[in-house]
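Chemist: Going down the list, the sequences are from chains A and B. According to my numbering, the first sequence is numbered sequentially starting from 1. According to my numbering, the second sequence is numbered sequentially starting from 1001.
Just so you know, the hints here were simulated from the structure itself, not pulled from any lab data. Please note that the accuracy of each hint is not assured.
Said to hold, decoys possible - Distance ranges between label pairs, derived from CB positions:
| hint | chain 1 | residue 1 | chain 2 | residue 2 | range |
| --- | --- | --- | --- | --- | --- |
| 1 | A | Ile68 | B | Ala1332 | 32 to 42 Å |
| 2 | B | Leu1019 | A | Ala86 | 37 to 47 Å |
| 3 | B | Ile1005 | A | Ala86 | 54 to 64 Å |
| 4 | B | Leu1011 | A | Gly156 | 32 to 42 Å |
| 5 | B | Leu1029 | A | Thr99 | 22 to 32 Å |
| 6 | B | Pro1009 | A | Ala143 | 46 to 56 Å |
| 7 | A | Glu94 | B | Ser1383 | 52 to 62 Å |
| 8 | B | Gln1104 | A | Thr99 | 24 to 34 Å |
| 9 | B | Leu1019 | A | Ser17 | 47 to 57 Å |
| 10 | B | Leu1029 | A | Gly156 | 22 to 32 Å |
| 11 | A | Tyr137 | B | Ser1025 | 20 to 30 Å |
Small disclaimer: the values here were computed from a predicted structure and weren't measured. Don't be surprised by glycine CBs; every beta carbon is placed ideally from N, CA and C.
The chain contents come next:
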Amino acid sequence: MLTILAKLLKALNSETSAWALALAVVLGMFIGITPLWRIHNLIIILAALIFRVNLSLFIVSFGVFSGIAYLLDPWLHSLGLSLLEASSWQGIYEAMYATALGRLSMFNHTITMGSFVIALIAAPIVAAISYWVIANYRKRIQAKIMKLRVVQVIRGSRFWQIYTDLRG
Amino acid sequence: MKRSIIRWPGLAVFAGFVLLLVAISWLFLDTIIKVTLEHTMGRLNGAEVNIERVEHRWVPLSLTVAGVQVTDPNAPQNNRVQIGEASADISPTELVLGRTLIEQLTMTGVRVNQPRESEGEVYVLPDKEDMQGWANQSWDKLTMSLPSVDEIVSQVDLRTEKVIEEAKTAYEQQEQEVKAAQEALPSEEKIKEYEQKIKQITEGKVEGLGDIAARKKALDELKESIRADKEAVSNFRDEVKQAKDVVQQQISELKNAPGNDIDRIKSFFSMDGSGLQNVTGLLLGDKAREWSKYVLLAYEQLGPMLARSDNSATVEPVRGEGQRISFADDNAPPEFLIKKARTEFMVGGTVIDVDWQNITHQHNLLGQPTTYQARADNSDLWSAFNLNGEMSLTNLGIDARQQWQLKGAQLQNLGLSDSSELSARILSSLLDSDGTVLVRENKLDGKAMVRMLNLDLEAEGSSKLTSAIAGALKQLQRLDITTNIGGDIQSPSLNFESDLDNQLGDLLTQSAMGEADEKLAKIKADLTAKVSDQLGGQQGLLENLTQWDNESGDKSEQLEALLKAKIEDSLKDKLKGRIFGGS
């Protein structure tokens, strides 16, 4: 846990692009907010691993959004149900349902549909917010935080040792 | 140097991750299937489902599930169904397309209503009203009680005393009226006087025509008086006749009064069975419900599970599980189909093979109903059994029909009731049964006849009533029961009608009368003694009346004879004697 937190701080304090970190948050959100055992999550994991996405932030984002998803479950179910019952979309759903890939995607599952649509809508917003937070952190907060007494204490702790080890 | 956007080692990590998933799935597939099946079936069943073992085979793709225990949500200490082993051949091509097609399913060792080792967890509580209705079926609820002779005598309006009073009043009244009429009767002396006067008028020396005229006048006056007396006699005789009729009726009523009162007491003992609160249901209800689980198996077990699999309304969606919506078009094959299945039911050591065709929850896509046939002849338990039916799920619910015949089932040592109030057991009997059940939009409508022949029942009761019922049950030779099947498919209700209640009513009456006989004899003797005092008076009066009737009859005849006396003839004779020189 300490290692992940240290890596997270390292990423925030590193030269990595803020957009790259924001992408990690968005991908983590997708996998966190939608049900885990879905084919699209395999693609997201592939994307997170193959592209230079910060995995620590990806994991933290996954954890945070899993919690949010749990809180939103009933609402996601209702949303998914209303989307799947929308009469104008029935033809598309039936066509998708007739294909093996459509079945594998489990789009016909209410929570999967509801959460995926919410994740799609939230993706640009979450990305923008993440970018803004990271950029502002680096610009304004990072230096101030380093001067705080509590940070001074932390810098003398084992956690700081891990952090510095990681930095190399 | 700017780093590449692609992290090639990540691809290797991904490959490793996927391989790990595949390996875990491969290694733990049986466990994953077991847990998934337990979870899914448990949710459909509404209570815990346990699976002992799951085995799969890749070529050909097949699955074997052993030791399946399906908890009964109504009685979690029992399994509603228990399956020894089920094996299925699954079509892999259909599976890839997201459909489950099982060409052949074989289930062996299927038993219903078996006790569990430990109580199963219930996920969906059964209808409370249903449970309440079930709990109300108790021997304790029997409202009927067997009355004692004293209780009945205190309630019955005994009429003997009243009859005696009426007889006494009638006696006095009749005696008074008859005596009043008697006083108007002519005395013997008066009749003799009439005779003498007639003699004087009609006999003696005739002095001429003037004398004849005077005598005739005197005779007419005398006859007038005689006629008045005869009228009095006639009135008296009418009074006597009326009094005799009344007294005879009173005697008859007096004689019958004790017997009538005893009959009235006895009638209070007779029981029409209405207070017995359907002993048939109490006695045979549990067993009939157990049997019905076999007969209605297709509906009670498979029907609701199939219905639930296609209808979220019947199962509360579990939070976080969501719901799968089917978008199969009308021409698509069903998503779940067992083309053929063979289930071996174990009933008391006898195996019944049930052959199923087209088990699915999407009959609209298949265009055919699920059908099933069972036949087992010449088994150790019965001489013939066959059952067949069909079932299909529509948008409005389950539509189905089923019929069966069972002949010569041998019941041996079969416990019926083991309550503290009454224990009953069939030592031996032959059972025939046939019936039909229709289901329309989840509503059951059926009738089953159960005929028990050569009944040999053993029963013992703890209260006065249940002891009497037990005694009556032991005398039963034959019992015909009509079971009406109704209610919803998920909670069928059984209603029993038989002649048992009436038979018990008669037998209980006999039993109660047997106990009361001695006491009733004493009551009858007391009543007869009371009656006999009054009866003596009445019979005495009747004898007097008869005697008076006879006497007054004589008087009437005497007066009639006097009235026949004619003056003309005697005078003619006298006058003829004088003219022709006679005296």
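Chemist: It remains to establish, for every hint, whether it holds in the given structure.
Modeler: Okay, the hints, checked on the actual structure:
1. A beta carbon spacing of about 37 Å between Ile68(A) and Ala1332(B) agrees with the range 32 to 42 Å that was offered as a hint.
2. Take Leu1019(B) and Ala86(A): their Cβ atoms lie about 39 Å apart, and the range 37 to 47 Å holds.
3. For the hinted restraint 54 to 64 Å between Ile1005(B) and Ala86(A), the CB-CB distance of approximately 38 Å leaves it violated.
4. Hint check: Leu1011(B) to Gly156(A), Cβ distance near 40 Å, so the stated range 32 to 42 Å holds.
5. The hinted range of 22 to 32 Å is satisfied by Leu1029(B) and Thr99(A), whose Cβ atoms lie roughly 25 Å apart.
6. Taken as a hint, the range 46 to 56 Å is violated for the pair Pro1009(B) and Ala143(A), whose Cβ atoms sit roughly 34 Å apart.
7. Between Glu94(A) and Ser1383(B) the Cβ separation comes to about 54 Å, which falls inside the hinted range of 52 to 62 Å.
8. Distance hint for Gln1104(B) and Thr99(A): a CB-CB separation of about 28 Å, consistent with the stated range 24 to 34 Å.
9. The hinted window of 47 to 57 Å between Leu1019(B) and Ser17(A) is violated, with their beta carbons roughly 31 Å apart.
10. The hinted range of 22 to 32 Å is not satisfied by Leu1029(B) and Gly156(A), whose Cβ atoms lie roughly 51 Å apart.
11. The supplied range of 20 to 30 Å is broken by Tyr137(A) and Ser1025(B), whose beta-carbon atoms lie about 41 Å from each other.
Against the hints set out earlier in the document, violations occur for numbers 3, 6, 9, 10 and 11.
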